[in-house]
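So the sequence lines, in the order shown, correspond to chains P and R. Numbered according to this note's numbering, the first sequence spans residues 16 to 125. Numbered according to this note's numbering, the second sequence spans residues 574 to 689.
Errors might be hidden in some of the hints.
[What the hints assert, rightly or not] Cβ pair distances, simulated, as ranges: (1) P:Gln86 - R:Ser635: 30 to 40 Å; (2) R:Arg588 - P:Thr117: 24 to 34 Å; (3) R:Arg637 - P:Asn56: 34 to 44 Å; (4) P:Lys120 - R:Arg582: 19 to 29 Å.
To be clear, the hints were calculated from the coordinates, so they are not data collected in a lab. We treat Cβ as the ideally placed atom computed from N, Cα and C, and that holds for glycine.
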Amino acid sequence: AQSVAQPEDQVNVAEGNPLTVKCTYSVSGNPYLFWYVQYPNRGLQFLLKYITGDNLVKGSYGFEAEFNKSQTSFHLKKPSALVSDSALYFCAAFYQKVTFGTGTKLQVIP
Amino acid sequence: GAGVSQSPRYKVAKRGQDVALRCDPISGHVSLFWYQQALGQGPEFLTYFQNEAQLDKSGLPSDRFFAERPEGSVSTLKIQRTQQEDSAVYLCASSQEGSRTTDTQYFGPGTRLTVL
């Protein structure tokens, strides 16, 4: 069965510090991996995706993610967190079906 | 508008009522998706259209759920005889091409359905 795990319900980071939001996946083939961000009362906004090629993917708002096939991970990173990055982040795997993780709430502390 | 729009934004229904949720995708987008997002959870896939064809409805939880996209643009998700467990946010997304795996999906703001 296809699954996506986001092991942390919440991540707290000080403004200006680097942030990481973790995602691991279990798919029986080569998945296409996405990160979305959700602000309160708004739909999901696309951040970045990995389809093929370079394992390091750069996306919107300074975010990047690294695809690691051996560890089946696709962690979201940003070198310097902003208070405005505080939101709910979802990792998703698109293969034979679409599977989203349960989300990680990122809290950036001023 | 430039994005995906959904209406109504909020819907309160009494148990047993029928509801219809509308999605206006980005103009020209081939693919359209419906998701159900329960409180504190990630979106769960319901169904997928490529133009007017419903290619996958495997995620619809029961035969009370029905979706259509008759002209390949606007879509309606209908829930008959609503139950309390149907309470959730219903998200619509569209993508430009016909691939359900590689294309970026653009999401609407969702319709929050509350069944009393």
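Please list, smallest to largest, the hint numbers that this structure does not respect. 3
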